[in-house]
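> Please take these sequences and the hints and turn them into a complete structure.
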Amino acid sequence: MAEEERKRERVLVVGGSGYLGQHLLAALALAADRLDVAFTHHSQAPPQPLLDALPSVRAFRADLRSGDGLEAISASFGQPHVVVNCAAISVPRACEMDPPAAMATNVPSSLVNWLLSFGNDKSLLIHLSTDQVYEGVKSFYKEEDETLPVNMYGKSKVAAEKFIVEKCSNYAILRSSIIYGPQTISPVAKSLPIQWMDSVLSQGQQVEFFNDEFRCPVYVKDMVDVISSLAKTWLSDGKKVQVLLNVGGPDRVSRLNMAESVATVRGYNHNIIKSVSASSVNRGVASPSDISMDITKLTQMLSIKPISFQDGVRATLDAEAS
Numbered sequence: 001m002a003e004e005e006r007k008r009e010r011v012l013v014v015g016g017s018g019y020l021g022q023h024l025l026a027a028l029a030l031a032a033d034r035l036d037v038a039f040t041h042h043s044q045a046p047p048q049p050l051l052d053a054l055p056s057v058r059a060f061r062a063d064l065r066s067g068d069g070l071e072a073i074s075a076s077f078g079q080p081h082v083v084v085n086c087a088a089i090s091v092p093r094a095c096e097m098d099p100p101a102a103m104a105t106n107v108p109s110s111l112v113n114w115l116l117s118f119g120n121d122k123s124l125l126i127h128l129s130t131d132q133v134y135e136g137v138k139s140f141y142k143e144e145d146e147t148l149p150v151n152m153y154g155k156s157k158v159a160a161e162k163f164i165v166e167k168c169s170n171y172a173i174l175r176s177s178i179i180y181g182p183q184t185i186s187p188v189a190k191s192l193p194i195q196w197m198d199s200v201l202s203q204g205q206q207v208e209f210f211n212d213e214f215r216c217p218v219y220v221k222d223m224v225d226v227i228s229s230l231a232k233t234w235l236s237d238g239k240k241v242q243v244l245l246n247v248g249g250p251d252r253v254s255r256l257n258m259a260e261s262v263a264t265v266r267g268y269n270h271n272i273i274k275s276v277s278a279s280s281v282n283r284g285v286a287s288p289s290d291i292s293m294d295i296t297k298l299t300q301m302l303s304i305k306p307i308s309f310q311d312g313v314r315a316t317l318d319a320e321a322s
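In the numbering used here, the protein residues as written are 1 to 322.
Since the hints were made in silico from the structure, they are not lab data.
Think of the CB as a built atom: it goes at the ideal place given N, C-alpha and C, for glycine as much as any other residue.
Simulated restraints on C-beta separations: (1) A94 <-> D121: 31 to 37 Å; (2) K122 <-> V285: 35 to 41 Å; (3) A32 <-> P100: 36 to 42 Å; (4) K274 <-> D63: 39 to 45 Å; (5) S199 <-> T299: 31 to 37 Å; (6) T233 <-> S308: 22 to 28 Å; (7) L51 <-> G267: 37 to 43 Å; (8) V91 <-> K305: 29 to 35 Å; (9) K142 <-> G78: 36 to 42 Å; (10) K7 <-> P100: 41 to 47 Å; (11) E208 <-> D318: 26 to 32 Å; (12) D63 <-> R93: 19 to 25 Å; (13) S43 <-> E320: 21 to 27 Å; (14) Q310 <-> A27: 19 to 25 Å.
And the structure:
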């Protein structure tokens, strides 16, 4: 039995009650025969529907700013072989309004120092960064392009990347675009992009969408596949990992293009979609114009080909209907 215990690999999802975190936990729980899976949450109690749906997954309350709660994980779960950090203040306006909070939360210093406290190289940190590290003045940024963020959210994420590269011996930093897809087991409070567009367009009234801000939105299941693939490789061969990847979908789209895809899939009237410039609205935070990303490195390294935006929209809306 002790031998069997030792063979089990431990995966910790930090911020597991969030959107990506829940989708990731659902996927990891399928390997409950081989993996011990746990997650951290910041709220007072973990979401009950998530615990009910995934009984093999353990929950720990932790405060990433102070590091409170991490020692309890050491004591009862042990050193994780893989840590996936999904925790962040990811609303750009919230970061702009409180820069110290953005830096304290988004630069995972307490988490990294906790991992370093084990004094070995047996953990891989997979950290979620953002496309907003790029300035947004050209199309299809590559990983080696300069990071010149235009807002506090991007700045906090660049600081996080630098901190991880300096401190960690094994890491995978994933610069993610907008993540979209079906709702989570325990519904998240934040508005989901495709569902929101579907709901406003279904009312048949004219709605404005930006025509001049470009992103490469990525379907959540592709994001989960990327993380799972990196974790699996690390767990099977344990070779040093130091990688930085753009993780987006294959399509460069504006909010206008996104709305048009939703209308096409749903059969809504395209005439209600009004094209406007992002400069027509003051959102209280600077937003990069074009942070579309080149994902050649991702597809070559992991042999994962993210699905097209239109197919992702269809999959999202089909899942919501079922």
